[in-house]
Amino acid sequence: MSDLLTVENLTVEFKNGSNSNKVVKDLSFHINQGETVGIVGESGCGKSVTSLAIMSLVPSPAGKVSSGKIIFKDENLLEKKQKALRKIRGKEIAMIFQDPMSTLDPAFKVGFQIDEVLKLHTNLSKKQIKNKTIELLKSVGIPSPEQRYNQYPYELSGGMRQRVVIAMALACNPELLIADEPTTALDVTVQAQILDLMNDLKVQFNTSIMMITHDIGVVAETCNRVIVMYAGQIVEEANIRDLFDHAAHPYTQGLLKSVPKINSSNKILHSIPGNVPTPEEMPNGCRFYPRCPIASEKCRNQEPPLEKMKENHKVRCWHIENVLKKE
Amino acid sequence: MSTNAIKKPKNFSSSFFAHFKNFSRRKQGIVGLLIITTILLIAIFAPLIAPYDPVDDVNYSNLNGAPSKAHLFGTDEYGRDIFSRVIYGAKVSIQISFITILLSASIGVVMGLISGFFGGFIDVLIMRLVDGLMSFPPLLFAIALMAAFGSSIKNIILALAIVYTPMFARLIRGCVLSIKEKEYIDSIKVMGGSNIRILFKHILPNCVSPLLIQMTTYFAYAILAEASLSFLGLGVPQPEPSWGNILYDGRQYMIDSPWITIFPGIAIGITVLGLNLLGDGLRDYLDPNLD
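Chains as they are written, first to last, in this note's numbering: chain A, 1 to 327; chain B, 1001 to 1291.
Honestly, the hints are just simulated from the structure, not real lab data.
One thing to keep in mind: the hints can contain errors.
With a cut-off of at most 25 Å between alpha-carbon atoms, the simulated DSS-like pairs for lysine-lysine come out as follows [what the hints assert, rightly or not]:
#: 1; chain 1: B; residue 1: LYS1201; chain 2: A; residue 2: LYS109
#: 2; chain 1: A; residue 1: LYS267; chain 2: A; residue 2: LYS257
#: 3; chain 1: A; residue 1: LYS81; chain 2: B; residue 2: LYS1180
#: 4; chain 1: A; residue 1: LYS87; chain 2: B; residue 2: LYS1180
#: 5; chain 1: B; residue 1: LYS1180; chain 2: A; residue 2: LYS126
Computed footprint of chain B on chain A, listed as stretches where at least three residues anywhere in the stretch have a Cβ under 8 Å from a Cβ of chain B [unchecked claim]:
#: 6; segment: 88 to 96
#: 7; segment: 99 to 108
#: 8; segment: 114 to 127
Treat the numbers as computed from the prediction; the structure is a model and nothing was measured.
Ideal Cβ placement from N, Cα and C applies to all residues, glycine included.
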């Protein structure tokens, strides 16, 4: 397996009056061909901004990618012209957004909207495009696709719409699919269906998936590897097994503890005290320091590096040894 | 067998007929539509309906004649048939207002789209121009423009279009600003759609409902404005009949021969009422959130 996408030292800044805040700081990771990588973290930790940066769609002029490289198939996307990027977007990298209720244009039939993607990126004839669209609708499990083709988004349920969105994203067999919380807005049962669908399609099309979510359950269900983000930084990166069995960073442990367990007698759910610091009041040392149960003086003043603990397992913490000992 | 037993639901959602049926449930809209269709038909077929020529059929033996069998609405100071003049007047008035609205809407839409979508300097430029134009009272502004241009049908259209364009620009800008933040616009960007495509194929179609509503409303304003200009002697040049013109002719005889002014007045009233009813009906139909 080779790297499909490599992000190196990505920093994204947002201007706020005269200040500029680093919302994503020195982010480096990679995604292999055919792999599903989960990016997990609380709201406001920079997950979505990272995905927008990969798409070169960071809202400007407020936001700006100030340094770093995003290498997709040996080419740095950040150096590309808009026109060249448009050819990549939708064709080689596709994206699924969180809320299927609002990601489809209410003024057009769903068939037309999938057609549009094909029209943008292929030279198929009108008839071929329609056939392909119907085939896509079928492949994402939409019953009677010929009929759905002529329906407007408001006539479909949330789950159906998310399927349409997935069909749209997969129209050109993209090599990388960025899924920004694809199941957050859906019912639990529908969630499971959509995740199954994505897993099936991944195998079928050999697509790499970057799964952005704050739901650890979704990660367990779909991912090979997990990146845990906190306040714009990676705090832990590990294989799915390692993460669930040997989580090293106190933040990851907190996240795992917050998942309700079916056989636990505890009535009160574990929670990590405090909130993600806003970009204005980012602590100097470790960014997790104010909320960390094992924080020390060193954590307050010095920022820990992202250190390799073992093969495929990196952690950003001064107290890895202590944490492991505690287990 | 089993597949045949399930009746295929008829797909009404996209047919024009279904939309019409839905619209016709709102009574005021359908009344407005009927009025406007009738008036449009009268305007289009004016030469077939009018019994006399509105300009040349002068009859000095029947000046300011009261309504009679021969002249349903009476005659004016030159003995011309008012019924014919009102019918031809419909043609002139509606033509002027229609072209005015089309012109100002198309220019205003382009201005609003550019301004709202690209923002920044170009937005400031266009919006300050719009503010400037809108700071004049509309009718007064039209009068000033007409005084500068001289009165002809072409100039009325031009003057009124200048007055109404900023209103459309502002409406569309607001609409673009709200729609461009919607997620589906992001999702088209992510699919590789260009700015032009997003602007004209996705933002514009989503602005159509408010645009249609505003166009009907301003159609009514344009008819009133044309009538006002003509009434002030700045509009359609004599002897061409327009509703405002006929009013202007009749204003000296209002006590003795009120029919000269009453009938074109009623025509204006009905048309404006019809347009407003249609506009309200459209608004209720297209924008159910507005209640």
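* Asked: Going through the earlier hints one by one, which of them does the structure break, listed in rising order?
  -> 5
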